[in-house]
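Undergrad: Given next are the chains, with one letter for each unit.
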Amino acid sequence: MTRTWRIGRAAAGALGLIFALLYLFEGRNLALGRLRAPGPGIFPLVVGVIFALVSIGVIADALLAKTAGAASFPKGEDLKRLLVTFAAFFVYVLLINVLGFLIATLLLVIFYTRTVGRISWLQAGASAIGITLVVWAVFVLVLGVKLPLPIWS
Amino acid sequence: MEAIYGLLQGFGVAFLPENLLAALIGVALGTAVGVLPGLGPLGGAALILPFTYAMSPTAAIIMIAGIYYGGMYGGSTTSVLLNVPGETASVVTTLDGYPLTQKGRAGPTLFIMAVGSAVASFISLILVTLWSPWLARFGLNFGPAEFFAVMTCGLIVLSRVSGGNLVSNLFPLMIGIAAGTIGQEAVSSVARFTFGYFPLIAGLELTPIAIGLFGVAEIMRLVENPGSTPKVMRIRVRDMLPSREEWRRSWGPWGRGSLIGFVFGLLPGPSAALSSYASYQLEKKVAIGRAEMGKGAIEGVAGPEAANNAAATSGMIPVLSLGLPFSATLALILAALMIHGIQPGPLLPTQHPDIFWGVIASMFVGNLMLLVLNIPMIGIWVSMLRVPSWLLGAFVLVVATVGTYSARNNMLDVYVLAGAAVMGYLFHKLGFSLAPLILGFILGPEIEKHLRQGLFLSRGDLTYFVERPIAAALWGITIAVIVGVLLLRVFRRDVSQRLATLEADP
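Top to bottom, those sequences are chains A and B.
Under the working numbering, the first residue of the first sequence carries the number 17, and numbering increases by one thereafter.
Under the working numbering, the first residue of the second sequence carries the number -5, and numbering increases by one thereafter.
Every clue listed holds true.
Sample of chain B residues lacking proximity to chain A, with all beta carbon distances greater than 12 angstroms (derived):
| # | residue |
| --- | --- |
| 1 | Leu134 |
| 2 | Asn135 |
| 3 | Ile229 |
| 4 | Leu235 |
| 5 | Val257 |
| 6 | Val280 |
| 7 | Pro463 |
Okay, derived cross-link-like pairs now, BS3-like style, lysine-lysine, Cα gap no bigger than 25 angstroms in a straight line:
| # | chain 1 | residue 1 | chain 2 | residue 2 |
| --- | --- | --- | --- | --- |
| 8 | B | Lys97 | B | Lys225 |
| 9 | B | Lys423 | A | Lys91 |
| 10 | B | Lys423 | A | Lys96 |
| 11 | B | Lys278 | B | Lys97 |
| 12 | A | Lys82 | B | Lys423 |
| 13 | B | Lys279 | B | Lys97 |
FYI, nobody ran anything at the bench for these hints, they're computed from the structure.
Every residue, glycine too, gets a C-beta built ideally from N, C-alpha and C.
Based on the sequences and whatever the hints tell you, model everything.
TA: Structure representation (structure tokens):
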């Protein structure tokens, strides 16, 4: 547990450091101006440097702290269900403006409720139609939002 | 006098049909998300954000504020009935609330809680009303140096006193501030950090970040551990009336809790959670039933519940009069103001008295509504505990995605939502606080603005930022707090660990 915590936090710090350096690199061309007339580059420079230092602090804390915390990630069935659900959500996000709101949402809800709820196809289908209709009614009829349509329409 | 005139004007605004409806929807949703497993007031407030774009700014703030203080009621209901706190401010309520349920006193406990929460909110609101003109006048002396000091010091103190160690707060804070610099910058319209990708010029939007970090990530934790739908008892309204003894023992804790909460709400930190903890500690020493504390003493529920509601109420003061949110939910309220093009800050009460006093008056109205929702209609919320988590989860995922999309009709925001969801899940697991990320994202651009204005004004003289009296005092207090916390750590190691168990403001 504490091992996961140390490795996880160190990895997060390392990623943060990479981002901070990328951030500083991308910001190198922004005009710094002078102190009496500061340019758009001065604040990002300060932020980038502190971000990098804090990231190093995270790595150091993760590896050196005497009392490490505990991080417990799910295992076995729980982990599988979590990953599958996350993946389904990503596919939904990517496909919503390809398949359109209606089809994508029906598919997501059927898949999600079947995976998480261990319920019958009938129940899953009913929840899918119900949720899709409610959300569609609220956003399209009440709020007048244009929801993504399928690319073929 | 001007406060009473302002408040009367505020009631005029709060009783407009649109605002009454906004308050009712806000407090009802707040109670619901407080009760529902896996979705806290913060996730609820984030999910509602896209809906508020179309409303008037006053109605938008009233609704989000309603979710915030309504969530304090709902979160405690599950603490008492199921020993499961709905949000962190209700953790303390489980200590005596659940034993009371086991003794068969669930109904009266919920009654005492609801009345105490309302009493505390009223006390806090009266103090807020009396204070705010003074605070607003104080704020008029604010220039760039003071704003820079109050925001920077606020973030530093917050990182120091929130749960977890320093880097656990600073790391997300810096991510938030860096993310806030993406897009066109306000002074000279130079595009920054867009990596040549056109949609990024408009900058990142708060909505997908907040919904992803708090709404979707919470659902994913529910997926990981779905549990079973809990069995809850039926509660009949006529069984809810407290005994004379219970009434008598509750007045003291209500009053003390209200004052503690009011003070905590004005300070940086997870005020609702910390104030309920402080109130519980106090009741352990002074309450009539202190011998029973932990085994089902009504004071152990009455005090902390009063405290967290009073804190939720007074927490609005720094937001409305200084533009300074001390928790992530309050940051969303600030963001809603900015989305409507209203500059929060000391000028708000004079330039937009309708918003300032309207929101304060609506909190009186909203708390009365909560009393009705939580006593005669408690059965509805209890039955809501039977909503299966698979149905709730699917619904939240769809509303999160569509709501995010609807804000700008933009797919970039939806991709940011998915990214923020993964980050929210992992960061929570690894013990990083998420509230500083939102605060940094919102306050970062403000800090930059005041920094640059200050440098212009002082012709590049950095001492300008510390030599003006208010700014100097703020920096002094901040240094004192940092040193104080350090000394406290040395002398009483367990304090920091106890604070850590309270965790950051969700």
